[in-house]
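Trainee: In order, the protein sequences belong to chains A and B. Just so you know, this note's numbering puts 357 at position 357 of the first sequence, and the rest follows in order with no gaps. Just so you know, this note's numbering puts 1195 at position 195 of the second sequence, and the rest follows in order with no gaps.
Derived from the structure by calculation, the hints contain no laboratory data. A portion of the hints provided could be inaccurate.
[Unchecked claim] In silico negatives: residues of chain B with every beta carbon more than 12 Å from chain A: (1) Ala1090; (2) Ala1109; (3) Glu1134; (4) Ala1169; (5) Asn1196; (6) Val1198; (7) Leu1200; (8) Gly1201; (9) Trp1202.
[To be verified] What follows is a list of derived Cβ distance ranges for each label pair: (10) B:Ser1105 to A:Tyr178: 34 to 44 Å; (11) B:His1163 to A:Pro65: 53 to 63 Å; (12) A:Thr402 to B:Leu1078: 46 to 56 Å.
In this text, all values refer to a predicted model and were calculated from it rather than measured experimentally. No residue lacks a Cβ here, since even glycine has one placed at the ideal position from N, Cα and C.
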Amino acid sequence: MGRLWMLLCVLFACGLARAGTPQELERVEVRVLSATPGQATIDHGSGDGLAVGDRVVFQPREGSPFEGTILALDVRSARVGLVDLAITAAVGTRGEVRVPASRFAPVAEAPPAQPTPQQDAPGHPPWPEPDTWQPGQPLLARIRPLRPEERPRSVHGRVYAIFDEVRSSEDDRADGFYRLGTRALVDNLTGRGDRLNLELEGNYRHTDVPDDQDESLARLRLDRLSYARGGDRFTPERVEVGRFLHFGVPEFGVLDGLEWSQRTSSGQRYGVSVGFMPEPDAEMKTGEDSQLSAFYRWVLDETEQTGASIGYQKSFHDFSADRDLFVGTLHVLPTDGWQFRTTAWVDLYTSSDAAKGAGVELTQLYTSYGRRWEDGSSLALVYTHLAFPEMERDEFLTVADTQLADDHNERLALSAFKQLGLDAHLRGGVGGWVDEDEDGFDGELAFGVQDWLIERGLFELTGFGTRGRYTTSLGGRVSLGAYTEGGRWTVDYELAQHHFDGFSDDNDDLPQHRLRLGGDWNGSDGWSVSAHLDAGLWDDENSLGLSIYLQRSF
Amino acid sequence: MKVSNRMLTFARRLALAGALASFIAACVTSGSAGVSQHLWWSGFGPALPHDTFPGDCALCHVGGDWQTLTEDFSFDHLAETGVALNGSHARAACLRCHNDRGPVSVFAAQGCAGCHEDVHLGRLGGACTDCHQENSWQPEGQIERHYRTRFPLVGVHASTACHRCHQGAEVGLFTPTDTECVTCHASDLARATNPNHVGLGWVDRCDRCHLPRTWNHAEINN
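Using the sequences and the hints, build the whole thing.
Mentor: Shown next, in the form of structure tokens:
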């Protein structure tokens, strides 16, 4: 408190001094780059108008403001001696310096650059004037982001092939799914900071169906093909056209159309979109559903760790009014602290919605609250609410009107991870659910040991129980895995006893064994492979699943 | 006319599949370097602040060529920045994160969704690591995850393709999903003619006779 009074007195004195000086002052915002007790290095220097002797007032997130004086500086940083030598400023702490406006008048009046010894690159001449970075010049030059026209075009992405096959003993049933796809992002396509995004997949599915005709289907699905421009640090206006996921409110889904958005100087963002909505399934058929939407996104500051958004989407099915959807989000995500995140989907119904009737309904809600500690321990509380929205759009398997009207599912779950020293941990969770007819719960507790049996390995024992809608299950799992030079491997064995609730026959218990082998391998040339083998055994039946994922990044 | 349409559809699919295969083949066969993580090109510009780096440039740079880093170059991202890069992230090109969009700390604070598109449309929340890990895009542990729902995967359900119940599974949408048997088994019900289920009015409460031990066999519930 005394320190605060002293600071206020100093500020008051500064104010008096300023009142007595007709000189106009400019405010320069600074941040702490590094600090030791009593000293701090800030991210602005002589190139920003600062000079030795300037007073810096820091505004930490927590605690009282404190101040210091610039002791030495170069073009882009300065060393500040703090008044209170006991203070160690946190990296990132904001501050401000009031400097005479006359320093900004002609460039020639700016103090010359004085590189510190640390920044001298051996064998190289001093850096030229600030903000004159040229290709080929070492990176120790003044930090300045390249403008899009100064950057080359680049292409990133991946191609992948996936083989999934599941066979079960009953009537030699089999389900195969084979996929070949790519994702490519061409960045700075025309030198204007624009991007071309492509995601394409061809796949073939074959299912042996006993007692009926087998199902085979080959599909080519275009997931994304869009051109986007703006939205980077230089261009607050952003436009995207083509097939893409909504940028402002991803909850609105994939769009065949156009989205425009604008970012304000304070980081807020607003925008609108228009276009068709591909059906969210294996085909992504488009043309039946269209939409108009608008959104506004608010952020507390430039860190965007606290923010909220609201969006409205009016959709049409065969050009007839279909769904009025509001989506709201709120997040508070401090880097070191409790994090809160929630998203709500709210439907507005009219009298033409036969199952729901006129009114407003919270269709879906996802809320989480938790934190992670430095030692890896974590705690999270999650609440979800689900109900079927009434709409003409084909988005989920058909349900009856009574289900549309009544069905819902609430779930509250708490999960935790506790690091026990360096080599052991406890992991667990409990959850409960309630729907229109029943309720149930689940729980899981695991104990794991690192580097016990195998170097860089993990051994874990897990026990779990579930009371589901139709079954009550109790089981355990033992897992062993290890990280290797280029990937990792895992082995899991699980035994669970399932009890079919409400089935009064003696045959209402089902023990089920599962064995799972998995491995990931990553090569240095961009190739990566994942493979999983999953075997199940219950009663006289068994199943075997094999999944292979091959990818090349480029 | 019907045959003509089918042929047209087939030809169109064949052409698109050919184009896809050609594109992928071109991507796979072009060059062999994969992702160039450590070959810094001056055109990328000074994306990373160097002001806290050691003064001895030769620790990272080769000779007078500022663009090429030493073969044994390594950057301890965890030690230097406090952020660990695991799995595929450790092999990603630096500019995938450090780029024009703004300070990477802003996006990192948002978690996975700060950089990755949320194909689940927010419906599964922000705990991506419940299903995904950092070595591969392939989700895993879905049977274990189902133990934390009201519909554990028991018997034949544990060996069933996701899309059978989750219509949007191929594009990442899993909700809402109904747990009534008939919602997923409507076609099975329609062809159950011995005895004729629909004719007898057996159109709900399938679990009175059927258990997920097998797909077809019924059992008597005393």
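Trainee: Could you run down the list of hints and mark each one as holding or not?
Mentor: Taking the hints in turn, this is what the structure says about them:
| no. | hint | in the structure |
| --- | --- | --- |
| 1 | Ala1090 | 9 Å, violated |
| 2 | Ala1109 | 5 Å, violated |
| 3 | Glu1134 | 10 Å, violated |
| 4 | Ala1169 | 8 Å, violated |
| 5 | Asn1196 | 14 Å, holds |
| 6 | Val1198 | 15 Å, holds |
| 7 | Leu1200 | 18 Å, holds |
| 8 | Gly1201 | 16 Å, holds |
| 9 | Trp1202 | 16 Å, holds |
| 10 | B:Ser1105 to A:Tyr178: 34 to 44 Å | 41 Å, holds |
| 11 | B:His1163 to A:Pro65: 53 to 63 Å | 58 Å, holds |
| 12 | A:Thr402 to B:Leu1078: 46 to 56 Å | 54 Å, holds |
In this structure, the hints that do not hold are numbers 1, 2, 3 and 4, in rising order.
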